[in-house]
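Line by line, the protein sequences give chains A and B. All you need for the numbering used here is the position in the first sequence, starting with 1, plus 6. All you need for the numbering used here is the position in the second sequence, starting with 1, plus 68.
FYI, nobody ran anything at the bench for these hints, they're computed from the structure. The beta-carbon is built from N, C-alpha and C at its ideal position, and this holds for glycine as well. Hints are supplied without guarantee of correctness; some may be wrong.
Claimed, not checked - Covered by chain B, per the in silico footprint, the following chain A stretches (three or more residues, Cβ under 8 Å):
1) 161 to 170
2) 301 to 311
3) 383 to 390
4) 416 to 430
Said to hold, decoys possible - Negatives, chain A to chain B, calculated, CB over 12 Å:
5) Asp34
6) Gln41
7) Leu176
8) Phe229
9) Glu231
To be verified - Below, in silico cross-link-like pairs of lysine to any residue (SDA-like), each with a Cα-Cα straight-line distance of 25 Å or less:
10) B/Lys108 with A/Gly171
11) A/Lys329 with B/Gly116
12) A/Lys318 with A/His456
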Amino acid sequence: MFKKTCLSVAIAALLSLSFAASAANDPDLQAIREQIQQLKQSYEQRITQLEQRLAQAEANSHESVPAREQPAVQAASSSESAFNPAILLVLGGTYGQLKQDPAVPTTGFAMSAHPGHQQGFNLGESELGISANIDPDFRGVATLALASAGGVTVENAFVQTSALGNGLNLKFGRYFSGLGYLNEQHAHTWDFVDQPLVYASLWNNQLGEDGVQVKWLAPTDTFIELGAELGRGRGFPGTDRVKNGIGSGVLFAHIGDDIGIEHSWRTGISLHQTRRTDAVSTAVADLPGTPGGVNNSFSGDSRTAGMDFVWKYSPDGNSRYLKVQGEYFQRRESGLLTYDTALANISDRYAATQSGWYLQSVYRFMPHWRSGLRYDRLDPGTASVGALNAGNIISHYGFQPTRTSLMLDYSPSEFSRLRLQLARDNSRQGLPDNQLFVQYIMSLGAHGAHQY
Amino acid sequence: MNKFLFLTLLFISTASHAALNVFACEPEWAALTQLLAGDKASLYTATGALQDPHRVEARPSLIARARRANLLVCTGAGLETAWLPVIVRESGNAAIRPGNSGYFEAARFVQMLEIPARLDRSDGDVHAAGNPHIQTDARNFLPVADALSKRLILLDPANTGYYQQQLTTFNQQWRTAIARWEKQAAPLKGVSIIAQHRGFPYLNNWLGLKQVAELEAKPGMEPSVAHLSQVLNELQQTRMVLRAAYQDERPSAWIAERAHISAVVLPYTVGGTAQASDLYALFDDTINRLLAGLK
């Protein structure tokens, strides 16, 4: 500012001098005046610029932080490993203490799946997950389950599009179906040691498919997702079709939103259809009371409809929360049932509607501690049996399997969890069971984000 | 079905018509975007000030909001790894995928502190890219604002002049504010503090606070009484214990009571306290609370 004033004074002095030098108003003087005026303007401009620069330099000296983009990843030690995919290894194990033989199937569901439990110490859900972007358009995911007896099974191995846009997601390969709420969740994220009875009986714990899934998310503020799957019919109740064409189809819709900042929810409906061919069930109880049961075979259509909901409440955020969820499935099967394939081998029509539901709640009462309560119930329904088998097949059991489970888990960190579960299992008529499980779930390596 | 279609159309038609849909992961970036984009952007903030940004869930509402976002403004540096990847993937929105112009990570534009020399989970919840809590140093907002403004211009070139004007105004006002805050905070220089979570290295670096202990034995693990007792024994001339508004108050209250020091709650982000209503008020309130803690 001082410089500017000096210059103005100098110019003014120069001007007055020139005026004094000549009183005349001749063209020369006019030209000189214009030149001086231009000079003055030019100096003032440069001074202003200098001042601005100075101010900026002063301000910049406050910053210790350079305004430059840093590389997100440190240069990896070797270019070979720089593109290694994310690897997650989950180590899980369970100790089970059961009063009854876990091989006895749920009453009325002998022709459904029966994943059962294991007694004593056993390596539970150990799995290896590998995932990475393949290129700008695709992402690949593989999950290998390590069986306790040795051997590896492919749980998931799918490719997912990442650049379709417009709310579209396409998945193909082997994946967990998007139906219901629990079906897509991996065992290490379950809130209880085991799946609800309805999942165990109707989906053999989890429906895995080989096929194609397309999902579309509506461009709305409320979460509205529609999905469809076409598959081989690999997972139960499918019978692993090995012919051309499609073995199973799934449709699902999910809606969800928040209520304020503390509540969130999601609800959905699902439909599943498959054609079952020679689905053999072993040790099925019959009306004549054959010791050890008989083997039956069923061929026909299987249609399942389901509803699911989950509601989460987390005061002020998320260190403590309450989660309530429930699902209901109903399956209608109709076709031809062959009774006692080994001896009698009598085939006639058969139709049954079975259903089941569960309701569970998990409460994180301290940062590391959660408790949970779950109630399961199944309804074997009343089967409509053709005349030839009316004296062989049990059409009405008059018993509804139930189970109540209580869980307590402790997570020293995000990556480790220890769990204790007690259950009163009334799923087998006349064989009430008190069950105790102790479980550990540990995850190593890249710990990916979890689904809702 | 018709009813459903009608509802869908209704939702679409009532959506706002601002040029840019911005999905801000944390309130501080929403506030900065607001200052730089004004009414040219329609803002959605994914987390509240009282939520731990490490532990947000990939809720359906977040996925739905990300579906139509043109720009995601997040901290990065691993702060949102527990939920953001699922949201980006499930949203089916290619524009906001990492690497595309709709994905903005503030941490890329500032000098990161506490970049771990070794990566081992036995050290707790460490972030490979450095400590992600960059928003506690007001100076960090200058390079982030510069980069964010450029990104807004890239996505919405029609309003280039407006964004440049907003950035110039912000830079001037923010620099004035920084000078004021630094002057106000002069008494805090060299003051010894304890932090509940390793969340204040940028604040300490800026204002010259001296952190002597942490209440979490390992980052991201809730303080245990055994560790708290150990910290208590190590205390020497500490003036206060700091915690962010979203954290449990009990550990710092426990230490404060026994060590006879002040427990100071810092807003940590816009909205963390009633006073921290915008980005300027966030630092006004932070410094006021620190100064009050000296007494």
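No chain B beta carbon within 12 Å of A/Gln41's: Given that every Cβ of chain B is farther than 12 Å from that of A/Gln41, nearest at about 35 Å, it holds.
Using Cβ atoms and 12 Å as the threshold, tell me whether A/Asp34 really stays out of contact range of chain B. Correct as stated: the minimum Cβ-Cβ distance to chain B is 45 Å, above 12 Å.
Minimum Cβ distance from A/Glu231 to chain B greater than 12 Å, as the annotation requires: violated, 8 Å
Quickly compare the C-alpha distance for A/Lys318 and A/His456 to 25 Å and report which way the hint goes. At roughly 15 Å apart (the allowed maximum being 25 Å), A/His456 and A/Lys318 satisfy the hint.
Is B/Lys108 close enough to A/Gly171, meaning Cα to Cα at most 25 Å? holds, 23 Å
Counting residues of the segment 301 to 311 of chain A whose CB is closer than 8 Å to a CB in chain B, do you get three or more? violated (count 0)
Would you mind confirming whether the straight-line C-alpha gap from A/Lys329 to B/Gly116 stays at or under 25 Å? Given pair A/Lys329, B/Gly116 holds - Cα atoms ~19 Å apart, limit 25 Å.
Confirm or reject: A/Phe229 is not an interface residue toward chain B, with every Cβ-Cβ distance exceeding 12 Å. At roughly 3 Å from the nearest Cβ of chain B, A/Phe229 sits no farther out than 12 Å, so the non-interface label is violated.
Closer than 8 Å, Cβ to Cβ, for at least three residues: run that test on the segment 383 to 390 of chain A against chain B and report holds or violated. violated (count 0)
So is A/Leu176 really clear of chain B, every C-beta pair being over 12 Å apart? violated, 9 Å
Can you tell me if the segment 161 to 170 of chain A counts as covered by chain B, using C-beta to C-beta distances under 8 Å and a minimum of three residues? holds (count 4)
Check whether three or more residues of the segment 416 to 430 of chain A sit with their beta carbon closer than 8 Å to a beta carbon of chain B. holds (count 4)
The earlier numbered hints that this structure contradicts are 2, 3, 7, 8 and 9.
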